[in-house]
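There are 2 protein chains.
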Amino acid sequence: MKAVGLVTEYNPFHNGHIYHIQQAKAVTGADVVIAVMSGNFVQRGEPALFDKWTRTQAALANGVDLVIELPTFYAVQPSHLFAEGAIKLLTALGVEDVVFGSEHATVDFLNLAKQAPSVQGGKAFQEKNQTFAQAYATQLESETGFKLEDPNDILAFGYAKAILNLNSPIKLHAIQRVAAGYHDQSFTDDQTIASASSIRLALHKGKLEKVKGVVPNQTLVDISSANHTVDFESQFWPLLKYRLMTDTIGQLGQVYQMAEGLEHRLAAVALGEPGPQSYQSFIKAVKSKRYTFARIQRTLLYTLLNVKVDQMQAAMQDPYLRILGFTDKGQAYLNGAKKTTTLPLISKVDQHLAKANLRLDFKAGKLWQLLAREPGQQQDIARQPIHFTQAHTKEDK
Amino acid sequence: MKAVGLVTEYNPFHNGHIYHIQQAKAVTGADVVIAVMSGNFVQRGEPALFDKWTRTQAALANGVDLVIELPTFYAVQPSHLFAEGAIKLLTALGVEDVVFGSEHATVDFLNLAKQAPSVQGGKAFQEKNQTFAQAYATQLESETGFKLEDPNDILAFGYAKAILNLNSPIKLHAIQRVAAGYHDQSFTDDQTIASASSIRLALHKGKLEKVKGVVPNQTLVDISSANHTVDFESQFWPLLKYRLMTDTIGQLGQVYQMAEGLEHRLAAVALGEPGPQSYQSFIKAVKSKRYTFARIQRTLLYTLLNVKVDQMQAAMQDPYLRILGFTDKGQAYLNGAKKTTTLPLISKVDQHLAKANLRLDFKAGKLWQLLAREPGQQQDIARQPIHFTQAHTKEDK
Chain A
169 MKAVGLVTEY
179 NPFHNGHIYH
189 IQQAKAVTGA
199 DVVIAVMSGN
209 FVQRGEPALF
219 DKWTRTQAAL
229 ANGVDLVIEL
239 PTFYAVQPSH
249 LFAEGAIKLL
259 TALGVEDVVF
269 GSEHATVDFL
279 NLAKQAPSVQ
289 GGKAFQEKNQ
299 TFAQAYATQL
309 ESETGFKLED
319 PNDILAFGYA
329 KAILNLNSPI
339 KLHAIQRVAA
349 GYHDQSFTDD
359 QTIASASSIR
369 LALHKGKLEK
379 VKGVVPNQTL
389 VDISSANHTV
399 DFESQFWPLL
409 KYRLMTDTIG
419 QLGQVYQMAE
429 GLEHRLAAVA
439 LGEPGPQSYQ
449 SFIKAVKSKR
459 YTFARIQRTL
469 LYTLLNVKVD
479 QMQAAMQDPY
489 LRILGFTDKG
499 QAYLNGAKKT
509 TTLPLISKVD
519 QHLAKANLRL
529 DFKAGKLWQL
539 LAREPGQQQD
549 IARQPIHFTQ
559 AHTKEDK
Chain B
169 MKAVGLVTEY
179 NPFHNGHIYH
189 IQQAKAVTGA
199 DVVIAVMSGN
209 FVQRGEPALF
219 DKWTRTQAAL
229 ANGVDLVIEL
239 PTFYAVQPSH
249 LFAEGAIKLL
259 TALGVEDVVF
269 GSEHATVDFL
279 NLAKQAPSVQ
289 GGKAFQEKNQ
299 TFAQAYATQL
309 ESETGFKLED
319 PNDILAFGYA
329 KAILNLNSPI
339 KLHAIQRVAA
349 GYHDQSFTDD
359 QTIASASSIR
369 LALHKGKLEK
379 VKGVVPNQTL
389 VDISSANHTV
399 DFESQFWPLL
409 KYRLMTDTIG
419 QLGQVYQMAE
429 GLEHRLAAVA
439 LGEPGPQSYQ
449 SFIKAVKSKR
459 YTFARIQRTL
469 LYTLLNVKVD
479 QMQAAMQDPY
489 LRILGFTDKG
499 QAYLNGAKKT
509 TTLPLISKVD
519 QHLAKANLRL
529 DFKAGKLWQL
539 LAREPGQQQD
549 IARQPIHFTQ
559 AHTKEDK
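First to last, the protein sequences are chains A and B. Okay, so the first sequence: first residue is 169 according to the numbering used here, each after it adds one. Okay, so the second sequence: first residue is 169 according to the numbering used here, each after it adds one.
Where hints are given, some of them may not hold.
Same chains, same names: a pair is fine if it fits in one copy or spans any two.
What the hints assert, rightly or not - Mimicking EDC-like on lysine to aspartate or glutamate, the simulated pairs with C-alpha atoms at most 20 Å apart in a straight line are: (1) 516 - 377; (2) 378 - 496; (3) 506 - 311; (4) 476 - 276; (5) 455 - 311; (6) 476 - 317; (7) 457 - 486; (8) 457 - 377; (9) 497 - 264; (10) 516 - 441; (11) 373 - 401; (12) 497 - 271; (13) 523 - 441; (14) 452 - 214.
No wet-lab data here; the hints were simulated from the structure.
Given only the sequences and the hints, what does the whole structure look like? Please build it.
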C-alpha cells in the first residue's frame, strides 16, 4: 500500500482540511492517508480547541486512515522543530510522499533548503530588533532571492530541511493555498473554506451560524458540548500568574526556552501592581521585538507545564508513534509498518508510560482538561485508539 | 510603660477578642496591649478570612495598641512552633506578661512544661495509628497526670515550653475560656461570644444575621465588600490540583513538612480519574490517622506556596518584627522598644525585602489575593503601618 502523509493540527477540523485530503490522494495516487497531528496543544502554544480524540474522530470521518499524535515536545516548537518531528514520524512509518499547502506552491522547497544558509552564518543575525526567524529569512533572501515569510512556506521549508537532515526518502508536493490565507481573520458567508484562525475567532465570538458554511456539522456539535477551550485564557492566566508568583527565579530560569533573562521580566510583570488583568495584556506587557507572539506563548506554556530544559532534551531523544485512531485501511497499513518501523508504536498508555516517555503528553492532557470549560474524558490512561468503520460513520449520522 | 502581649489570629475579630483585651489589661495592669497576629494565613493552613490590614484595623479599633505580624514561617506551624515564634517576638519587644484563654486556667503551665517529657522519650511514640500530638499527650499524662487535649491548653503549654527554651522573662496568665469552646460549631441568638470557627461557619453559610450578635459591626461590613476568602476552597483546589499535576515527585518531595512519602499519595489522588471534585474530598482521600487535618492542610498550603525545606529553615533563622499598625500609645511604646530590641523592626517592605527575608509573607499575600473573591489592595510593597487615632475612630463611625 502506498501512503501519503499530512502534517496537521486540525484546530478545528474544517472544509479546507477535506480539500487537503482529497488533493493529497489525487496528487500522489496514494491508497492510505496518514495524518500526524498535534495533540492537546498546538504549535502556537495554545490548547487545541477540541481534545485530540475529538479531532481524530473528525479526521477519520473525513478521509484520513490513520492518525498519529505529534508528541508535545515536537508539536509545541518553532516551525523547524515542529516540521522535523513530523517528518521523522512519517519517515518511520514508511510514508513516501507528503502533501502540504503553500503560499508559493511552485517553489522547489527541497532545492531552496539545499541553498539555505547555515544557522550561525551571516551578518543579519547581529540585528537585535528582530526575531530569529526574521533574521534567518533576511539571510536566505540575500542568498537565494526567495522571501520566506508566509507561514505555510516556512513550514514547507522546515519539511525540506528535515528531509535533508534525516536523509529521508520522502518526496514533497506543494498545493497552492486557496481562498483563505493562514492569517485571514474574517470570511464571508459564501466562502466554503476559511482559515482555522478565523474559524476560532468566530467561535470565540459565539458566531456559530457564521461557521456553519466552512466546517463539517460535527464541529458545531462539539462546540455546543462545552468540552472545548474556546475561552481557555480565563483559566490559563490565573494558573500562570500563580506559577510565576510562587516559583523562584531560579526555577523559572530552568524552563525550556526561557532565554536571555526573560524569567525576570515575566515574574516582575506578573507580580506588579495592579498587574495585567488578562492573558492578552500580560503577553503584550512582556513581549519584545526579539520574540514572536507564538514564541512567547510557547515559553509561557512550558512555564505552566513546568517543563525544564533537561527534561525536554531527554524527551526529544526518545520519540514514539502514538496511535490515536485508524480506519480498516489504516489498520492494515499499520500491520505492515509494525514490522519495519524503527520507533516504538504505542496504542495504549498505562501509569508506567505516563510517568516515563509520555509524561509530557500526559501532563498536557491533564492541563487541557483543566483549561476546558468541561474536562471531559481523561486523555491518556487506558484510552484505546479509535477504530473508525463505515458502520460507525452511519451510526454517527 | 508596661506592656501585655496577646497571641492572636483574629479570624475574624469578634466579641470574645474584646473580652480578652479587657481581661488582659485588668489582670496585669498594663498600659499598652500588643498583639502578635498571624498574617494572611492562619495556623490551620487556611487563608485568613480578611487580610492582615483589615484585621489589624479591627484590633486597633477595639483596644489593641500595637499589632505585629507573626511571620508565615511561624504562623503556619504546629502549635509548639507557632507558640515559640510568638513568644520570641513578644520577648524581643520587651513584653513582660502574656495573657491567654485556656480550657484549664488553674493549671500552672510553666510548671507542667518543666515536668514535660523530652520529645524523643517514651514508648507512646511507637504507636502508628495516632498523630504526634496524641502520642506526646499520652506520654505527658502518664508522667504528670494532666491530659493536654484542648486546643488553648496546647497553645498555653507551647508558650510555657518556649519561655523555658528561650529563657524569656515573660510571665503567663491564663484566663478561663467562657461561653464558647474553640471547636463549638454553633451558637445561640442570645450568645454575645462565639468561637471564631463557628462564626466562620455561619459566614460561610451566608448567615450574616446570626453573626451580628457576636462580632463588631465592622466585620459585617467587611464581609459584604467581597474582599474576603469565605469561599477560598473553590479557588484553592484547582490551583493545588494544577501544582500536583505539573510538579515532579522529586520537587513535591522537597516541600516543607512533606514526610513519609506523602507526595506520592497526593499526586496519585490528584491525578486519579475521575479524581476528587473538591478540596474537602481531596483532603479526606489523602488523610491518614498519622496526621491531623490541620497538619495535612498546612502541608498542602506549603505545596501551593512552593516552599521547600531549606527555604523554610533559612527563613526561620531570621525573624523580624513587622509592624502592621499602632495607636499613639503603641507608637510611643515602639519608640522605646526600638532602642532595646534585638530583632529588626520593619515598617515598610520594598522590592528588596520582598525578595529576601519577607519573601514568604510576600508570596502568601499574593496567594491570599488570588484566593479572595476580590483581590483588594496589595499586601506588602509600599504599604504603611496603620496609624490609628481616636479621630480616625470617630470618622469610621
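Going down the list of hints, with the structure as the test:
| no. | hint | in the structure |
| --- | --- | --- |
| 1 | 516 - 377 | neither (38 Å within a copy, 57 Å between copies) |
| 2 | 378 - 496 | neither (35 Å within a copy, 67 Å between copies) |
| 3 | 506 - 311 | neither (43 Å within a copy, 72 Å between copies) |
| 4 | 476 - 276 | neither (37 Å within a copy, 55 Å between copies) |
| 5 | 455 - 311 | neither (30 Å within a copy, 66 Å between copies) |
| 6 | 476 - 317 | neither (30 Å within a copy, 47 Å between copies) |
| 7 | 457 - 486 | neither (34 Å within a copy, 42 Å between copies) |
| 8 | 457 - 377 | neither (38 Å within a copy, 57 Å between copies) |
| 9 | 497 - 264 | within (17 Å within a copy, 86 Å between copies) |
| 10 | 516 - 441 | between (47 Å within a copy, 16 Å between copies) |
| 11 | 373 - 401 | within (14 Å within a copy, 31 Å between copies) |
| 12 | 497 - 271 | neither (32 Å within a copy, 77 Å between copies) |
| 13 | 523 - 441 | between (38 Å within a copy, 16 Å between copies) |
| 14 | 452 - 214 | within (16 Å within a copy, 34 Å between copies) |
Violation of the numbered hints given earlier is confined to hints 1, 2, 3, 4, 5, 6, 7, 8 and 12; the remaining hints are satisfied by the structure.
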